[in-house]
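Just so you know, the sequences run in chain order P and D. Going by our numbering, the residue at position 50 of the first sequence is 50; the numbering climbs one at a time, nothing skipped. Going by our numbering, the residue at position 27 of the second sequence is 27; the numbering climbs one at a time, nothing skipped.
One should not assume that every hint holds.
Computed far set for chain P versus chain D, every beta-carbon distance over 12 Å [what the hints assert, rightly or not]:
1) R32
2) L40
3) A123
4) M134
5) A136
6) E139
7) L142
Beyond 10 Å from chain D on every Cβ pair, some chain P residues (computed) [as the list claims (entries may be wrong)]:
8) P35
9) R48
10) V76
11) A128
Going by beta-carbon spacing under 8 Å, a handful of chain D positions derived as facing chain P [as the list claims (entries may be wrong)]:
12) T56
13) H83
14) A126
15) M185
16) A403
I should point out that these hints are in silico values taken from the structure, not numbers from a laboratory. All of these numbers come straight from a predicted model, not from anything done at the bench. Backbone N, C-alpha and C fix where the C-beta goes; we use that ideal spot for every residue, glycine too.
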Amino acid sequence: MKPLLAIGLGNPLMGDEGVGWYVASRLSGDPRLPPDAETLWGSTDLLRHAGQIEGRRRVILIDAVRDGAPPGSVAVFENGAGLDDRQTNAHELSAVQAMRLLQLMMPVPFTLLGVSIASAAAASRLSAALEARMPAILERVLEELGWNCSR
Amino acid sequence: MSVVVIEHLARVEGHGGITVELEGDSVASVRFDVFEGARLLEPLIRGKSYDEVAPTLSRICSICSAAHTLTSLKATENAFDVHVSPQTDLLRELMFRGESIESHALHLFLLAAPDYLDYPSAIAMAADKPAAVLLGLRMKKLGNLIQETIGGRAIHPVNAVPGGFGKPPTVDQLIELRSGLTQGMADSDAAIDMMASLPAADFCHSDTVYAALRSPNLDSYYSGDEVMAVSDGNRAIVHAADYKSLTSEQSIPHSHAKHSSFRGRPFMVGSLARLTVNPRRLTGRLAVAMKRLKFQLPADNPMDNNKAQALELISDVERALEIIEQLLRAGVKDERPVPIHPRAGTGTAITEAPRGLLIHSYTYDAAGCIVSADVITPTALNAASMELHFRRAVEQCADREEAVISKRLQMIARAYDPCISCSVHLLRRA
Chain P
1 MKPLLAIGLG NPLMGDEGVG WYVASRLSGD PRLPPDAETL WGSTDLLRHA GQIEGRRRVI
61 LIDAVRDGAP PGSVAVFENG AGLDDRQTNA HELSAVQAMR LLQLMMPVPF TLLGVSIASA
121 AAASRLSAAL EARMPAILER VLEELGWNCS R
Chain D
1 MSVVVIEHLA RVEGHGGITV ELEGDSVASV RFDVFEGARL LEPLIRGKSY DEVAPTLSRI
61 CSICSAAHTL TSLKATENAF DVHVSPQTDL LRELMFRGES IESHALHLFL LAAPDYLDYP
121 SAIAMAADKP AAVLLGLRMK KLGNLIQETI GGRAIHPVNA VPGGFGKPPT VDQLIELRSG
181 LTQGMADSDA AIDMMASLPA ADFCHSDTVY AALRSPNLDS YYSGDEVMAV SDGNRAIVHA
241 ADYKSLTSEQ SIPHSHAKHS SFRGRPFMVG SLARLTVNPR RLTGRLAVAM KRLKFQLPAD
301 NPMDNNKAQA LELISDVERA LEIIEQLLRA GVKDERPVPI HPRAGTGTAI TEAPRGLLIH
361 SYTYDAAGCI VSADVITPTA LNAASMELHF RRAVEQCADR EEAVISKRLQ MIARAYDPCI
421 SCSVHLLRRA
């Protein structure tokens, strides 16, 4: 098990909402990925990945965020601070809630990279605007992985 | 006129809310808007080859990804007249049980229990009741392990393919699952203790039509092609191919999901419906647990769906253990998937996802590509019944305080365990 894990959250069938999934899938074959890091194409349920998270030195989450910033902007939320942690779904825990619950069981620090999106609608690809920003998004995620790696 | 609006039921803004309009003490209207993600995804699979359909539609829901995968495979196999092996049937049933354990544990311990105990979330409840939260997480992990072992991944299974499984589990893997399930037996008893300790939720009573899969052995989430609808002692059977006569879907102006009704009445699907349709399952440890929970059939309280889920944790663990023992006794065969020979035709499958009947129906062309698809989720089937029960709850609530009504309606919504918008996952800044 590698000490660093990057999990891309989201649904690839819901267009830009799946940006985390797309980032993780593209990073998995990227030669720039640090040797002590690996990626996981996640889902919308972070709690499902508890088994893969346990024992890691650090976990980087990549997820879509709706915050009014230009699409493709990347913001860093250490351990989810600054994100709405209310229960807003009747069916599963939000990523922020799941992160907090996992931290009750395992001392894993999370860094959440929120990628700003403008809309979430059924589509099997990213919008052209977000696709154009993908190289920069990937570099930003790699920078975070490398920074954590060297630290 | 006063209006009660409950917005926070879904991740997608503007969807998944409940609106109640009161005129004095009378209920003028109750509207429940469901965001139905599954229907939005149907166009994305038109033209796709048969072997791409299940992996795509698995993405409808994270919690129910196994059910969507296996129901999709069953519909495709029905279209091509493919009959899978008895071992495949058993392994698929085992996956369903794992998913049910995982889903019910998440729902009961981390979503429903905080409502009963007046905590805003499972995180808040964990500070005072860590044992309950950890018990839920342990059972969820057990369900995940079953799905990962058989399905090849913790979520969105890749090992379940048309005609069978890419690779069957090893004996060692089954023995490991058996060990986890043995602990699960004790944990499912503890789940009953937890449910029995919660305050009563007795604020909505209504005659209800229940519908669930009628399986050949009366205890399957996967086998069978008939649905039984039960109400007031009357029973009716609908075959899978005639599913539209069960659903009679109608577009509703205020909802993104169509409303279903059977012979003019809304119906409820899910754990409570399964136990109502198949009451002969309620023997042994289940009968003892029923008494502890003061649970009786027929039920007229939708909140009893939570008790029914707790009871199913027992039967799911027991059935999973039985399947594993059966596989170990017979020896796991290293069999390959049944070959698929595409042909033009239509196939329909009905199964029991954790929160109720799930319908997939596909029409293929001669090359095995999708011409049309129809996916009806349990939450869509339940939408009209939920709205009816919301109305009954408001009518039966002597207190017209908005906070009281809001709390009760949210608890009923939660009891249905609805999947309103789980195909998306958005974060928002605080």
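Results of checking the hints against the structure:
1. Listed as outside the interface, P:R32 is consistent with that label: its C-beta sits roughly 26 Å from the nearest C-beta of chain D, beyond the 12 Å cut-off.
2. The beta carbon of P:L40 sits about 10 Å from the closest Cβ of chain D, which is not more than 12 Å, so the claim that it is off the interface is violated.
3. For P:A123, the shortest C-beta to C-beta distance to chain D comes to about 8 Å, within the 12 Å cut-off, and the non-interface label is violated.
4. Every CB of chain D lies more than 12 Å from the CB of P:M134, the least distance being 19 Å, so the non-interface label holds.
5. Against the 12 Å criterion, P:A136 stays outside the reach of chain D, whose nearest CB is about 20 Å from its own CB.
6. Against the 12 Å criterion, P:E139 stays outside the reach of chain D, whose nearest CB is about 21 Å from its own CB.
7. Against the 12 Å criterion, P:L142 stays outside the reach of chain D, whose nearest CB is about 21 Å from its own CB.
8. Chain D leaves P:P35 outside its interface by the beta-carbon criterion, the shortest separation being 24 Å against a cut-off of 10 Å.
9. Distance check for P:R48 against chain D: the nearest CB is about 5 Å away, which does not clear 10 Å, and the non-interface claim fails.
10. Under the 10 Å C-beta cut-off, the non-interface status given to P:V76 relative to chain D holds; the minimum distance is some 12 Å.
11. Every CB of chain D is more than 10 Å from the CB of P:A128 (nearest about 18 Å), matching its label as outside the interface.
12. Using the Cβ-Cβ criterion of 8 Å, the hint placing D:T56 at the interface with chain P is satisfied: the shortest such distance is roughly 7 Å.
13. With a least beta-carbon distance of about 30 Å to chain P, the hint placing D:H83 at the interface is violated under the 8 Å criterion.
14. Evaluation of the D:A126 hint against chain P yields a held restraint, the C-beta minimum of about 6 Å falling below 8 Å.
15. The criterion of a C-beta within 8 Å of any C-beta in chain P is not met by D:M185, whose closest approach is roughly 21 Å, and the hint is violated.
16. This hint is violated: D:A403 has a C-beta 17 Å from the nearest C-beta of chain P, more than the 8 Å allowed.
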